[in-house]
Structure formats: structure tokens, C-alpha cells
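> Spelled out, the chains give:
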Amino acid sequence: MMAHEVEGTAPVHGAHEVDYLRAGAGVRSWLLTTDHKRIGLMFYVLVVLMLLLGGAFALVLRTELLTPGPTVISAAIYNRMFTLHGVVMVWLFMIPSIPNIFGNFVLPIMIGAKDLAFPRLNLASLYVYAIGAVVTLAATIAGGADTGWTFYPPYSTTTPAGVLPVVIGIFILGVSSIMTAVNFIATTHTMRARGISWGRVPLFVWAIYSTSIIMLLATPVLGLTILLVGLDHVYHFGVFDPTLGGDPVLFQHLFWFYSHPAVYIMVLPALGVISEVVCTFAQRQPASYWAIALSSFGIALIGFAGWGHHMFVAGMSELDAGIFGAFSMFIAIFSAIKVFTWVATLHRGAIQFNTPMLYFFWFLFLFVFGGMTGVAVATQSLDVHWHDTYFVVAHFHFIMVGGTLTAFLAAAHYWFPKMFGRAYSEPMGLLTSFGVFLGFILTFLPQFLAGNAGMPRRYYSYPAQYQWLNVLSTGGAYLLAGALVLALLNLLIALRWGPRASANPWRSRSYEWMTPPIPPEHNFPVTPVIDRGPYDYHLTEEEAHARVSTAR
Amino acid sequence: MPESQPPAEQLAPARLAMQFEDLEKQTHAAHFGMWIFLASEVLLFAGLFALYASYRAVFGHEFSAGVAHNNAVIGTSNTAILLTSSLLVALSVYAVRLDRPTMAGRLLLGAIALGLAFLVLKGVEYTQHFHEGIFPGSAYRFEELPQAGAKMFFTLYFLTTGLHAIHVTAGLVVLGWLTWGCFRRRYGAGNDTHIELGGLYWHLVDVIWIFLWPMLYLMH
Ligand code: HEM
Ligand SMILES: [Cu+2]
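Which chain is which? The protein sequence lines are C and R, in order. Its first residue numbered 1, the first sequence is counted upward by one per residue in the UniProt record's numbering. Its first residue numbered 1, the second sequence is counted upward by one per residue in the UniProt record's numbering.
No incorrect hints appear here.
Some but not every residue of chain R turned toward chain C, in silico, with C-beta under 8 Å: (1) Ala29; (2) Gly33; (3) Ser40; (4) Ala46; (5) Pro136; (6) Ser138; (7) Met152.
So the derived label-pair ranges between C-beta atoms look like this: (8) Met18(R) x Gly26(C): 17 to 25 Å; (9) Ala53(R) x Leu492(C): 50 to 58 Å; (10) Ala39(R) x Ala503(C): 33 to 41 Å.
Keep in mind the hints are simulated off the structure, nothing from the lab. Quick caveat, the model's predicted, so the values are computed rather than measured. Idealized CB from N, CA, C, for every residue including glycine.
If we strip away everything but chain R, and leave its shape as in the complex, we get (with noise of 0.2 Å):
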């Protein structure tokens, strides 16, 4: 990140919503509304980690040779990909705080790029899946792991890593958004809420993913 000087004035000042009293408590209750709402989405995931958990006592074996099968270079890149494309969004709420958003929407940019090739490398590995015959529940037809176990094991590594891509799916969304703001010059020193929470978000994205990696690649 380059250095910057203090810009002269804002480019485009913060508007303070009618129910709030100033800016600061304004920009408080949005971050705390947005903590909170991330609490609700772990949760979400939880009900999922808590199936993970619980089969994966009741067919260890089988759970584990179910890991072994999945391409752990996929998920690796995966991993890589998506803690750069965090770093990039981490970078641009600084740009878009040192008054710079052309800087942030390009980083952004980036970021949605990376989260693109995330979901590319997803669907490469699950198109692999499906020619192997693995599908998730009755479908499933893999014969080299034909237990009880393996079908369980996959049909939830169906559903986290499905919900988990739905999540970034939105982030994307979400980013895209911000980036167009960015271009615009919607955002600026003093005025980084937006990016901040959507920043927020897509950390979380990153952070499911960092559980659900040994869960579904290395834990065999």
C-alpha cells in the first residue's frame, strides 16, 4: 500500500440516518448489528459441524477414507485462494480509508477474481466427483468406498461445501456492489462503514472455509 497524504476534504461524507444522534453511534450499532448477524450464520453452519461430528464417531473408518479420496490439492489451492482474496478486501478497506476508493475498488476487483477461481476449482472438483458416481444421499454410486459411511461423508461434504458456496455467492454479490461504490467514489476516509461490514462478511466466508478444509481434506 502506497503511501497518501491527508486529502483536503472528503470526497463523500458519511449521511447520518435520521434515528441515530451522530455518526459515531450510527457506525457502533451498524458493526455490532453485523456481529451479531454473523453469529446467527456460524450457527447455521453448526448444525451442519454438529451432523460432521457426530457421524464421524459413529463411521470413523469410513469418514476418513472418505477425506483420503478428496483432492487435497483442490482444497488447499482453495484455501490459499480464498486467505488472499481476504487480505485483498482487508487492503481495501484500508485504501478506502486513507481516502483512496479507486485504489480499494480495484483491490476489490481482485478479490472478487479470486473468489471466482474459488468457485471455478469447486465445480472442477465436483464435476470430478460426479463422474466418479459419487452424489450425495441414494444417488451415490462410488463403488471403491461403497459403505454406509462414505455416502454420509459425502452427502454432508455436499451440503457444507453447497451452503458454503452459496455463502460466497453472496459475497460475491456483495463485493461487486461495494466495487461499483468504489468506481463511483461512494466511499471514503470517514465513510468505510459499507466496506467495512462487507469486508466482515466475506472474512467469515474465509473463516467457514478454514474449518470446513481439514474437516473435508486433511483429517484422515
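Next up, chain C with everything else stripped away, as it sits in the complex (with noise of 0.2 Å):
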């Protein structure tokens, strides 16, 4: 290699280096940070603030539910709170909660890099997100969309309420998620240390990768469609409406052109926190890493062929239908892969029951059995029958919402110690993780059933017989609200008096443990050459150290 002027120089190998918390203080040195873990944890304080608004909107929706009629809201204001509870959950907390925090944590680590390729462009998708935020909830609470958080024209063309500001909101978060797409991928591609071939990349980094392909794909064609509803309802451009000549149908098409893909967005890095989880827990290699590794893969693809099955009843031939809904069930059959595969990890495995292991059995549960009703909608003839019911809500709730959540909080937990140095208390931790568990099942068993029995989605009121399972599902609404503040409490509180964490607390083989108890600046002092794989169990402790070189 030629010499070139190196920016900064690196400390010696061996040298003690402060940690990434320690490493500037002020202010400054965190707003203007081009430090990945760093802008990693800012995301983090974002994202929970959303996912708290988004749950109290949740809130005040399932409170005034609990009547048949009128209970604490207007019916004008529960169209605008349905739509800004689905906004903020989902491009505020779910698109960015695990790629933005954890895939900017842990990614560039677990790959052996000093930093994302582009560290000032992941700075700046942070803003933008900080910006999109503003906007789009500035946009909602003042003008207040009452489309829901798909915009499906005529309405969202001819509502009184405020369209444009709300999309050109989310068309700026669609930005910050191509800028940080951007990043994952190039980083993935170029900056793996030497050793880490493309078959020792730890499995949640291919899930990361998988995802980004996605947003990268999907998340433009998303932005201009509801742009376009926007200046429609504007401007009047009859892009998608009769009047002037526009099709609303060609609307959906496109929407869920984006959105089916979308819903992938969300579960994907969901599966790649499980992967880590399971091989760390069950101390084993994942019975096949190929498989989980390129079923990701194929999610990403198929993903974009599926579409259709939110469409059986706006209008569409019956080979459509059929086409459409076998490629649904080609994606179950990768999620089926992985659920199979995460199984056979565990089967005679090591287990150690810790609350991130606790979440992927309550994950498990909740992705398969979403999934399976995924299949089950995914046919035209049931579908008709369910279509825009609860039992959609709850089909989506479970597997997203269930599945990225339960993720998310094993997540939270699963890298606590390496993020912040410290062990959060795991009976606490125990604790919570079941009344998560408890509190979804609560809030959306009763749903299935009441969408089943004919129950209308984003309906204000409803005929008195279904009232019995809304009062179900708003108990568990509270219970699951609960669980997460307490279980939000539990970390907080772990932050400050938790006892120090050592380097490797779970005794995994995965690189990110290879660091200090609370990584460096830069991660390593120099570029680590790494002789082994992320799952190599079968090695010692010692051993598995002993194969990571940070010589040149």
C-alpha cells in the first residue's frame, strides 16, 4: 500500500482507550458527532419518544372504543388520531427503530470497521429524521390527516383535513431512510475487516443489508405516490382522481407497491436481532447459516411480487388473485425457513434463559401465528370475508407490530451491556418481557374475533355485541402500555445503578463482543483480521480471541 496521510492518528495498539460515552463531552461533541454508536444512541432517545406517542395515541384509540358510542373523543377526532398513531408507528418508530439504533451500533462492528463509509451522511440522515418528525407531526396534530396512514384516494383528495404537509412529513423520513440505506449497504459491501468473507457476516448484518436493498428500492416509489395524493388534493392534478381523468385504483397499486415491501422493512432486522439471539443463547452455530442468511434475501425480492393481496377486493382479475396470492405464500415459506431453522439452533442447544431469549419465544409465537393469518388472507376467498376487519388490524399487528417489537426489546436488552457498560436486573427484566407478552395477546386475540364476526376497521362506533371484546383488547391495551413503561423504567434505571457489565456478558462469539465492555472511538485501534466465524462455538473463549488479530 502506498503511505498516505492518515487523518488522525491511531493510537498504538494496546493503548487504553476512553470509551465512546467518554470519549468528547458537551453538547457539541454529540450534536456535531460523526461517531455511528453515537448517533446511534441519539436515535434511540428519538425513536422511544415516538414509540411513547405512538402509544398514547394508541391510547386514547382504544379508550374511546371501550362504548359502543361516543366515549372521551369525537368521531372527527378519532379519524385524525387513527391516522396519526398509524403515521407516527410506523415511519417514525418502526422503519427506523432497529436499523437506526442497533444496525448503527452494532453493524459496523460486527464487521470489523472503524465507522460506517459515509459517517457525516449517517449524521445527517439523523437530522433529517429530526426534521421529518417535526414536520410530519406539526403537519398532523395542526391540519390533522384523517386519511389513515394509507392516504387511499378519492378520500385523502377530497378531505378537508391537511394532506400535503402531512406527506411532504413522511416524504422527507423516506430521505433519512434512503441516506442510511445508502450507508448500510456500501458499508456492508466495502469496509468488511479481512477474514470476514461474505459467508462469516453475522446474520444480523445480512438482515440490515437485506432491509436497506429494500428502502433503497422501494422507499422513492412510496415518496412521489403520496406526493402525488398531496398535490392531487391541492392542486387538483387528477392524478388519481376519476374526475380528471386519474384511476385511484393505479393509487393502491403503487402504495402497496412500496408498503407491501415495506412491511418487510419492518420485520426484517426483527429476524436478524432473533438470528444473534438465538445462536448467543443457545451457545451454538445456527443449524444453517445459509439458510437464514439468503431466506432474508429472498423476503427482500419476493417481497416486491406480493402486492396484490391488499387489492383481491378493489377490482382485479381472477388470475391476478391467484398470481398474487401464491407469491404471498412464496414469502411464508422463507419466514418458515427461518422459524424452522432458529428452532433447530435451539434443538439440543445450550439454553440460557435470559429476557432477550425470553422475547424470541413470545416473538415466535406471535410471528408465526401473524404469519400463518398472512397465508390465510393472502387467499381471495377468505380475504373478501376479512378484508378491511379487525381481523386484518390483528393479522398485522401481531406479526409487525408483535414481531418488531418483541425484537426490538430483546434487542434493548440483549446489547444493553455492550452499549452502556452495565447489566440491566433480569428478574425486572423477566417480568416486563411477560407482561409485554401478556398485554399484546390481551389487545389482539379479541380483535381476530371480533373482525371475524364482521367488525369494521377505523369504525368510531359499533353495534353493542362487540362490545365485550373491545373491552378485552382495551385492557390489554393498558396492561401492554404498562409493561413497556416499566420495562423502559428497568434500563433507565440499569443506566445509572445498574453494576458493570463485562466485555462479553452472554459469552457470544458474535465480533461485537470482541471489544471493551463499552467500545472505544473507533472501535479498534486498528483494522482487526479475523480468523473465524461469528457463530463459532465449538471454539473456546480463548480460542476464538486468540483467531482475531488487531496487527496489520
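Grab the two chains, each in its own frame, and use the hints to assemble them into the complex.
In C-alpha cells:
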């Protein structure tokens, strides 16, 4: 290699470095940082705030639904509220949650890199996200879009509520997603340390990588489509307006071309977290590394071919319905491959029951149950009955929200010692985990029943016969919210008072655990050379350590 | 491009950022990032192309009439203008590689002038349309082609060319910044990544126009 000037001299190998939390003090050192770990933490704060906000909206909705008639808010507010809830949860919480927090934090370390390929782009994506969040929230609260998160025309182009500012906000959030996706893809491709071949990339990285590909390709289409709805609304461009020659169903095609893949944007990172958790707590090699790695990829690709299953009742030929149904089931096959591989990994593993592992079990239940109801609604004859009922609401909350939320919590506990160098209270972690699961089931299981019995979604009032199911669901929502707040408190308390954690408390072989308890600013003094896989549990910890050299 | 002898020393050596092991990796990452970003840009336009294709399938005849009404002379001149500017940008990359940043800066200035000319022509065209009462959507007033299909055609015409013009403008800002850098002698042989990436972006803008040109001016 030619000798070139290196910006800032790397400390000698072995020198003791300060950790990234202490590497600079003051507000400036945080707001202008380009350290992927600090940016991850700042996303953490924002995204958790959004989760709380979205959760508060949900509680208002559920409270309103306690009685068949008006309860606490008016019908108009109700419509705005479910729109706010959906928009906040989808674009402000779920999409950025795992990638931008945990992906940002561990992805570079997991491939032996000192940072992402474009650290300043990473920081920019944080600010773009923050701007997008402010615009979206301000617009939704002030103008109050009442269209639901799906923005279906013709309603969305004729409603008196403001639509354009909201979709502009979401467009900005999309820009942030694309920035992050470019960064993750380029980093995974070009910055893996020597020895980390494609066959040795941790499974979480595969998941984030596949997610980024979907983000990169689907987000622009969505951004443009909803922007057109906003323009139709204000300027009457009529792209989707039948009175001006437009076709509202075309909107649905474009919207779901993005938003079906987008559900995998939300769930693939969760699958990645789960793969890490399973291997670590079973102390085993995954039953098949390639099955897990490539099925993410399969999902990412086939995910673009299933969108029509949202439109069975919007009018489509029998042939198309059959094709879209079949493609949807292919996705289910790829998901099932993962499930079987995880279970096979656990088989005869030495399982440790810590909080992340418990979340894995909840995840497994919700993902399988939710996925199977997905296959059911992907069958046209059944979907005609369930479409636009609470059954669909329950389906996607089980798989998407249940899946992402449990995995998010698993990740929050699993990487907590690495991120903050402290241990959380395990009994409290386990307890809140039970609470989350029970609350979740109680909230959404009754919704399957209500939907199957015919209760439509997004309705402000309903016949009295559905009340008992709604009351159960509302009770569950409060339980879920309580458990979430406790889980958060548990982590916040550990942040300050938790006992110090060792560098690798779960005895994982994955590379991010090679760093000191709290990683130093640039992760590694020099880029390491790694001569083993991330799941080499047949090696002892010393052997595993010895195969990583930080010398050039 | 006149011949040039390799210089004795580099004008402005590339700087290696902390996170990369060597310059080769750094350049590779930058190129890779740019290419995948361009893929994303292509999909942004793909949504509009999909709309165009769908509505053309519905309103074939009226779309042809709309295309025929557009001024193919302006459209074609604009194509030639953009292609030439892309050529100048490509030459400027070459010049930087030969360690002649001033020359590169002049070539970029030429490209910028052509980009501006493109926008001016586009403005002329828009003005003509507005005079005829051709506006997007419900504001459409052009009596000769009153059908819903022509209205949709021109709405899509304004959307695609408008989005494209935004990209041209962004591209001009990038080129301007690179030009400034060239005249400050910030780039040179071995340090041409920025110029190359900016050039790639400009070529993308050009390529998208190559698709818009037949769609909006020729296919009738
Ligand atoms: C196992 C594969 C899956 C299949 C076959 C499937 C199938 C379906 C079908 C057919 C619908 C439309 C139902 C209707 O509107 O009547 C639907 C809705 C939905 N699914 Fe899935 N799904 C699957 C996995 C997922 C995953 C993994 C997620 C999220 C992570 C998800 C999220 C959603 C959402 C958000 C909706 C409803 C959107 C709305 O109308 O507001 N699905 N799913
Ligand atoms: Cu779907």
C-alpha cells in the first residue's frame, strides 16, 4: 500500500482508549459527532419518544372504543387519532427502530470496521429524520390528516383535512431512510475487515443489508406516490382523481408496491436480532447459516411481487388474484425456513433463559401465528370476508408490531451491556417481558374474533354485540403500555445504577463482543483481521479470541 | 484534449478518512455508494414512468395527440444540449486525471452553461404551454385537446419534466461546487473521486432525459 496521510493518528495497538461515551463531553460533541455509536444513541432517544407518543395515541383510541357510542373524543378527532397513531408508529417508530438504533450501533463493529462508510451522511440522516418527524407531527396535529396511514384516494384527495404537509413530512423521512440504506449497503460491501468473507458476516448484518435494499428501492416510489396524493389534494392535479381522468386503484398499486415490501423493512431487522439472540443463548452455530442469510434476501426480492394481496376487493382478475396469492405464500415459505432454522438451532443447545431469550419465544409465537393468518388472508376467497375488518388489524399487529416490538425489546436488552457497559435487572426484565406478551395477546387476540365476527376497522362506533371484545382489547392495551413503561424504567435505572458488565456477558462469539465493555470511539485501534466465524461456539473463548488479531 | 506530461508531484493528494484502511477502499466505497444512490433515483422516476405507461395504455390516442402537440424541436435541442454537457463533464474527469484542474474547471463551466441553456429552453416551453392554457390537472384550459387523456398527458408532462428540472438544478449546484474546487486546485490526478461522482450524477440526469424525450416528444 502506498503511504498516505491519515487524518488523526491511530493510537498504538494495546493502548487504553477512552470509551465512546466519554470520548468527548458537551452538547457539541454529541450534536456534531460522526461516531456511528453516538448517532445510534441519539436515534434511540428520538425513536423511543416516538414509540411513547404513538402508544399514547393508541391508548386514546382504545379508550374511545370501550363503549359502542361516543366515549371520550369526537368522531372527527378519532379519525385524526388513528391516522396519527399509524403514521407515527410506521414511519417514526418501526421503520427507523432497529436499523437506525441497533444497526447503526453494531453493524460497523460486526464487520470489523471503525465506522460506517459515510459518517457524515449518517449524521445527516439523523437530522433529516428529526426534521421529518417535526414536519409530520406538526402537520398532522395542526392540519390533522384523517385518512389513515394508507392515504387512499379519492378520500385523501377530497378530505377537508390537510394532506400535503403530512406527506411532505413522510417524504422527508423517506430521504432519511434512503441515506441510511445507502450507508449500510456500501459499508457492508466495502468495509468488511479481512477474514470476514460473505460467509462470516453475522446474520444481523445480512438482515440489515436486505432491509436496506428494500428501503433503497421501495422508498422513492412511496415518497413520490403520496406526494402526488398531496398535490392532487391541493392543486387538483387529478393523477388519482376519477373526475379528472385519474384512477384511484392505480394509487393502491403504487402504494402497496412499496408498502408490502415496507412491512419487511419493519420485520427483517427483527428477524436479524432474533437470529443473533438464538445463536448466542443456545451457544450454538445456526442450524444453517445460509438458510437464514439467504431467506432474508429471498423475502426482500419476493416481497416486491406480493402487493396485490391488499387489493383483492379493489377489482382484479381471477388470474392475478391467484398469482398474487401464490407469491404471498412464497414469502411465507421463506419466513418458515427461518423459523425452522431457529428451532433446529435450539435443539440440543445449552439454552440460557435471559430476557432476550424470553422475548424470542414471544416473538416466535407472534410471528408464526401472525404469519399464518397472513397466509389465510392471502387467499382471495377468505380475504373477501376479512378485508377491512379487525381481522386484518390483528394480523398485521401480530406479525409486524408484535414481531418488531418483541425483537426491539430483545435487542434493547441483548445489546444493553455493550452499549452502556452495565447490566440491567434480570428479574425485572423477565417480569416486564411477561407483561408485554400478556398485554399484547389480550389486546389483539380479541381483535381477530371481532374481525371475524364482522367488525370493520377504523370505525368510531359499533353494534353492542362487539363490546366485550373491545373491552378486553382495551384492557390489554393498558397492560401492554404499563409493561412497556416498566421495561423502559428498568433499563433507565440500570443505565445509572446497574452493576458494571463485562465485555462479553452472554459469552457470544459474534464480533461486536470483542470490543471492551463500552467500545472506544473508533471501535478498534486498527482494523482487525478475523480468522473465524461469528458463531464458532465449538472454539473456547480463548481460542476464539486468539483468532482475532488487531495487528496489521 | 491536448496531451499532458505526468506532473512531478500531485497537486492535492486525496485525504484518507479515519474509517478506511486505504485510499483504494475509500474510493471504492464512494463509487459504490453513488451507484446505489442512483438506483434509488431511478426508482423515483420509475413511479412516474409506471403512471405514464398505465395512462398511456388507457388513453393511447389522446396521449399521441399530446405528444404531437409538444414542440419536438425544443425537446430535441434540449437532448442535444444535455448530451453535449455530459460530454464536457466526462472530459473534465479526464482532465483532472491528467492533473489539469484548471482545464477541468473550464470544461465544467461549459457544462454548466449548457445546463442553464436547457433550463431556459424548458422555461420557454412552459411559457408557451401556459399561453395556450395548458396547465396541470384541473387548471387545464386547452380547447384543441380537451379530452381527459390529454389533460392527464400534460399533467404527467409537467410532473416528469418538473422533477427532472429539479434534478438538473441540483446537478448544476453540484457542478458549480466542483468547478469552484477545480479553480482552487483542490483536485488532481489521484484525487478525482468527487469530480467523477458529480459527473455520474450529471450523467444520470442526462439518461433520464433520454427516456423522457421520446415519451414526451417523439412517440406519437
Ligand atoms: C407470511 C406472509 C404474509 C402474508 C401472506 C400476508 C398477507 C397479508 C394480506 C393478504 C393482507 C391484506 C389483508 C386485507 O387487507 O384484507 C395483509 C395485510 C397486512 N399485512 Fe400481511 N402478510 C404477511 C406478512 C406480513 C408481515 C411480515 C407484515 C409486517 C411485518 C405484514 C403486515 C401487514 C399489514 C401492515 C397489513 C395491512 C395494511 C392495511 O391494510 O392497513 N404482513 N397481509
Ligand atoms: Cu402485504
